[in-house]
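J.: What follows is the residue order along each chain.
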Amino acid sequence: MSAEVLRRVVLLGPGLGWFALFLVIPCGIVFVYSFFERGTYGGIDYIFTVENYARAADPLYLAIFLTSAKLAAITTLAALLIGYPAAYLIATAPKRWQMPLLILVMLPFWSNYLIRSYAWIVVLNREGLVNHGLQALGLIDEPLPLLYNQFAIVVGLLYGYLPFMVLALYSSISRLNPEIAEASADLGASSLRTFLRITLPLTLPGIGAGSVFVFVLSIGNFITPDLLGGGRSLMVGNLIFDQFLSARDWPFGSSLAFILIAVMLLLLVAQAWAVKRAQGAGIHA
Amino acid sequence: MRRITGERRLLAAHLGLVYLFLYGPIAVLVALSFNKSGLPTAWTGFSVEWYGKLLGNEAIHAAVANTLIVAVASTLISTAIGTLLALGLERLRSSALLDALVYVPMIIPDIVLAIALLSFFTALKLTLGLHSIIVSHAVFNIAFVCVVVRTRLKHFDTSIIEASIDLGANEIRTFFRITLPVIFPGVLSGALLAFTLSVDEFIIAYFTAGAGPASTTFPMQIYSMIRFGVTPEINAVATIVLGVSFFLVLLSQRLNREAA
Chain A
7 MSAEVLRRVV LLGPGLGWFA LFLVIPCGIV FVYSFFERGT YGGIDYIFTV ENYARAADPL
67 YLAIFLTSAK LAAITTLAAL LIGYPAAYLI ATAPKRWQMP LLILVMLPFW SNYLIRSYAW
127 IVVLNREGLV NHGLQALGLI DEPLPLLYNQ FAIVVGLLYG YLPFMVLALY SSISRLNPEI
187 AEASADLGAS SLRTFLRITL PLTLPGIGAG SVFVFVLSIG NFITPDLLGG GRSLMVGNLI
247 FDQFLSARDW PFGSSLAFIL IAVMLLLLVA QAWAVKRAQG AGIHA
Chain H
605 MRRITGERRL LAAHLGLVYL FLYGPIAVLV ALSFNKSGLP TAWTGFSVEW YGKLLGNEAI
665 HAAVANTLIV AVASTLISTA IGTLLALGLE RLRSSALLDA LVYVPMIIPD IVLAIALLSF
725 FTALKLTLGL HSIIVSHAVF NIAFVCVVVR TRLKHFDTSI IEASIDLGAN EIRTFFRITL
785 PVIFPGVLSG ALLAFTLSVD EFIIAYFTAG AGPASTTFPM QIYSMIRFGV TPEINAVATI
845 VLGVSFFLVL LSQRLNREAA
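First to last, the protein sequences are chains A and H.
Each number in this note's numbering corresponds to the 1-based position in the first sequence with 6 added.
Each number in this note's numbering corresponds to the 1-based position in the second sequence with 604 added.
Only chain H is shown next, with the shape it has when bound in the complex (with noise of 0.2 Å):
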């Protein structure tokens, strides 16, 4: 190569330092869930005594199980409003006016969007639960499904939808034969995105899951372990989030590069 090399090694340590910057600190976490003490300042030893400790947690698994329901719920009913209204949008040749809306939810800041329905369900005087929290991850996450399902329709060729209809399918039948195989890859995609989203999510759950907790989330027990006395348990949580977050992503980076 000619003087290039030179520039392009600048680059690649800047790269470096910046794949450092990413990693050290959740480096620096799962490190620290496996040391004895606990404790930040000094290495002493071996222990998988923290993770011990988180099984014994039963507020800790309570507060999965509510993350767990308010995920797969929402991704459900996200999933299958996403995608029609993805068709929808896609097909009936709509307004600038509702694309936008659809973008809506995706770039208000959560603070906002929590303090919104917070407002709507005091006026309407609902009882907050893990109910009222799905129906406002739904919000997000119908948006950021029917984002993902619309690329995939984007390259989809309706003449086969057309060739099933003239060979005497209705639309339904249509629909579940062709259309849905064909976007099934999207449609995964955006529901793993969903599920992930609803998992990680805190503010809007902090505000509309009411007091008590029967309704406390995951990242809402994160939030006060962080927030009011840090335990060295909080480590070995971490370390888990991060693996099966990871685990996620690459599982459906997988699945979308053999859809490809």
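The following block holds chain A by itself, in its conformation from the complex (with noise of 0.2 Å):
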């Protein structure tokens, strides 16, 4: 062996290995899975069939699925809105200042999942600080349902992914030459024209990675339904779950996550392509 298929064999070797085993290897099985029938007693015939696609476009399921990206484009959008003026303020805050308001973003979002989640239950129930805050204030007489349901759902996501959308933002706008906008104003132009010609157009590429992200985050996630949503199968990920921890019925299961993982890759790619696009058009100017 010569000694650069030995290096390659020693740094590469085992990392690959461990993809190709505990990764390629187990989702090749899922996808097998999903051509198969499902046993009677919960385990696997495995006679070829499509039926469990056919099944997925079923209108009970193919609401869950529209649920799913409904709630997760709300959440991108709410993402966003709420996200964009927090990131701008922070990439142009004087530099000693930018770290640590970052780092204040972003720290909720390195404790347990669960735990912030647990918060919103106790915060937002009946008896909860916001139903309390707002009937001490006499705005409301009744408790409002605040808690499990589709709006609990999107607190929830946007609670767990702000941070997120923030980090994405202000990592492309801090990079934002400053002359620019200073320049459009000097010729000028009002900060609000300023901001829609050159500020944003110049961040879409953080616009699109942060909103991708967020939205595949959400669309695929459990523990926020799982907890805020009132148990029901809400969305694609309870459903999953569902199928091979309660129902089941693994085929099933298996083309769920299938189509789940369609849906990601082809936005992954469309946003990795108009970066593409964008990044080749910004030579070409």
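If you're looking for bench data, these hints aren't it; they were derived computationally from the structure.
Keep in mind that the hints are not guaranteed to be accurate.
[Said to hold, decoys possible] In silico lysine-lysine, BS3-like type, Cα no more than 30 Å apart, as pairs:
#, chain 1, residue 1, chain 2, residue 2
1, A, Lys282, A, Lys76
2, H, Lys758, A, Lys282
3, H, Lys758, A, Lys101
4, H, Lys657, H, Lys640
Could you fit the two chains together into a complex? Lean on the hints.
T.: Here you go:
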């Protein structure tokens, strides 16, 4: 064995081997299962079928996919609208303030997701802080149903992934050359016009990256709809969970998992393609 | 300043609300953990009673011990393998396909990786337990360590490696005396990240743990506390977890800054 081959084997072998064994093959098994029939007692009958994919198009399950996409889209939009001004302020703050402000946004992101979801159960329930506060202010008479519905899911997802959006936008905005905006202002453009014509277009890659990641993380989420959504299969993550652990229909659960992955891959490829195009345009401009 | 100050003041108020949104719920949990009645409805006086209750909760102790075993083992495995992988991908000018493969464990939904690993272990008729959680956590941890170490390697001046070889050191000696010390801050922050991710991970552990309390991890314990009967003890658990993870993140930030 030559030194070069040996080097490759030592460096790449363990990592790629681990991925092949515990990622590629397991996903392959799930893919194969998705084309088999469910056994009578929850096992798998090795008979080829596309029934599992046909079943996913059933209005009942299609609705769950659409709800997942809708909630993920609302979360993404809210994260963008809330995150952009925050990221903008941080990126344009004095240099020594930027890191502390950003770390303060990211800090909750690094703590336990279950506990962060639980915090919202405490805040949003009928006896929770929000309802109590609104009642004390005399704004409402009866507690609002804030928990165990789609609203709570969006709040939970937003809470989980807003820091991620801010980070993506920050890295895009902080790379802007402030002199371009100054030039625009000097030439008489209002700050709104400068923002819409200069800052916003130049930070589109950050917007795209942040949005795609928040959407992808939200649509496949399990914990938030499970804890805050009221326990029914509201999103596709819960549906897959149920097929594996309670309904014991692994082939159907497998087909759902692959449809989810296909949707995500499509989005990620589209995003990568858009970034490439934007970069290409930037060079030619 | 010019008219910009008004806009910036508005933005600052917005950022203040964002911090309120991020820290408000956390602050409520921390406050409740010291509430005598333990109930979220009314403040009945300061007490550390719920922390005392935790000291006697053996199910939680066992779960914490299990989580530490899983996190330490999967961190060791993934730090070693992830660092080698990063060196390999960075030095050997690999393909875009391999680069993409490294990102798959980072973006694949947890639930999908969880069912895939469960299907795999079941097909092999493997007994599930802490070992299967360790193996499963290493899948995404290798990817994260690899990405963190590669960022560090991008700023690495390879001419010092050539100098070391020219001066007669062999490759292994060069790795331990030159490469590893230079990239060590990256390796360490990769390891810290892997440890944090493993300590927090729930769904993949839930699917690959098998039945029984012998392999119940801390997040699994928290999940069942939230899902099946909330007791005020959970607030104390939450406060401790938040404190520890904030401490670790700030520590890793400090390490990174000192290294830079």
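J.: Keeping to a limit of 30 Å between CA atoms, is the pair of H:Lys758 and A:Lys282 held or broken?
T.: holds (21 Å)
J.: Please work out if A:Lys282 and A:Lys76 have their alpha carbons no farther apart than 30 Å.
T.: Holds. A:Lys282 to A:Lys76 sits at ~27 Å (cutoff 30 Å).
J.: Straight-line Cα separation of H:Lys657 and H:Lys640 no greater than 30 Å?
T.: holds (12 Å)
J.: Does H:Lys758 pair with A:Lys101 here, judged by a C-alpha cut-off of 30 Å?
T.: holds (24 Å)
The structure shown violates none of the earlier numbered hints.
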